Amino acid sequence: MAENPRTVLRPVDLARPHGLSTQAIRNYEDQGILPAAARTPSGYRAYGPQHARALAAFLALVPGCGHARAGAVLRTLHRGDADGAFALLDEAHEELAGDRATLRRVRSALAGLAAPDGAGAGPELFVGDVARLIGVVPATLRAWEREGIVAPRRDRATGYRVFSQSDLRDARMAQQLRRGGFGLGHIATLTRRVREAGGVEPLRETLDAWQGALTARGRALVAGAAALDAFLRAA
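Residue 1 is where the sequence shown starts when you use the working numbering, and the numbers rise one by one after that.
Just so you know, these hints were derived from the structure itself, not from any lab. Source: prediction; values computed, not measured. Just so it is clear, CB atoms sit at the ideal spot from N, CA and C, and this is done for glycine as well. Warning: the hint list may mix true and false statements.
To be verified - Simulated DEER-style distance windows between Cβ atoms:
| no. | residue 1 | residue 2 | range |
| --- | --- | --- | --- |
| 1 | A87 | A143 | 35 to 43 Å |
| 2 | H93 | G199 | 46 to 54 Å |
| 3 | G98 | D208 | 17 to 25 Å |
| 4 | E91 | G199 | 31 to 39 Å |
| 5 | G199 | N27 | 18 to 26 Å |
| 6 | H186 | R153 | 43 to 51 Å |
| 7 | Q23 | A223 | 19 to 27 Å |
| 8 | G148 | G98 | 21 to 29 Å |
| 9 | D90 | Q23 | 40 to 48 Å |
| 10 | Q23 | R105 | 21 to 29 Å |
Start from the sequences, fold in the hints, and give me the full structure.
Have a look at this one:
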């Protein structure tokens with residue numbers, strides 16, 4: 001059956017299929033996410049099928065693009081700027097690609113790291129020893145300590161920094177992440193999590209969850225694009 005473009009829909013008719021409130025529908029119209037509604041002689045909002053499709057497209061875009069960008073896509077389309085809307089979608093895909101690259105670098109940094117040895121399982125090292133092992137200068141390790149990336153203990157008698165095998169693991173990971181382009185703040189967060197988790201294995205579970213979230217985001221972008229295409233085809 002052909003759709004009647006003159007079908008009149010109330011705010012509740014748009015809201016109910018998505019579990020939204022009628023106030024949310026009015027807010028989306030006020031924000032420009034939905035086209036402006038017609039008004040009945042008594043002043044009530046009168047929506048049509050195009051509003052329902054715009055709402056469906058927006059809600060489908062949100063999981064992959066976020067609320068703000070999904071809203072910007074719809075507002076840009078309502079202004080007649082399809083290329084501008086597509087550019088916003090391109091940004092979402094670029095961000096996802098960047099996050100995937102980040103995850104790959106983190107996995108690469110962890111790949112060669114063994115689980116930390118217990119206390120006394122390996123020799124303790126001084127800052128110069130660790131610097132030579134990982135190919136940095138001692139000043140770099142001291143800077144990393146200030147950032148919280150490594151946390152060597154201090155020898156009570158001499159005041160020298162003493163690195164355990166776990167500290168050496170953190171320093172190796174930091175060096176690999178630096179080569180991968182990570183900033184010190186991100187590296188500090190990651191190494192703290194490794195220390196808190198007791199090694200890299202629990203962190204790999206976190207990375208698997210991160211991978212799942214990226215996959216879900218990619219699927220959501222595909223679903224959002226399909227709903228947006230349906231809106232554009234009908235328009």
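Range first: 43 to 51 Å. Now tell me if the beta carbons of H186 and R153 are that far apart.
violated (25 Å)
Beta-carbon spacing of Q23 to R105 - inside the hinted bounds 21 to 29 Å or not
Given a distance of about 44 Å, which is not inside 21 to 29 Å, the answer is violated.
Range first: 17 to 25 Å. Now tell me if the beta carbons of G98 and D208 are that far apart.
Distance hint for G98, D208 holds at roughly 19 Å.
With 21 to 29 Å as the target window, see if G148 and G98 comply at their CB atoms.
holds (25 Å)
Per the hint of 31 to 39 Å, is the separation of the Cβ atoms of E91 and G199 within bounds?
holds (37 Å)
Within 35 to 43 Å: is that where the Cβ-Cβ distance between A87 and A143 falls?
Distance hint for A87, A143 holds at roughly 40 Å.
C-beta pair G199, N27: status relative to the range 18 to 26 Å that was hinted
Violated, since G199 and N27 (Cβ atoms, about 48 Å apart) do not stay within the stated range.
Okay, D90 versus Q23 on CB: inside 40 to 48 Å?
violated (33 Å)
CB of Q23 to CB of A223, is that within 19 to 27 Å?
The hinted range 19 to 27 Å holds for Q23 and A223, with Cβ atoms some 26 Å apart.
Quick check on a hinted range of 46 to 54 Å for H93 and G199, using CB atoms only.
violated (35 Å)
The structure is inconsistent with the numbered hints 2, 5, 6, 9 and 10, although it conforms to all the rest.
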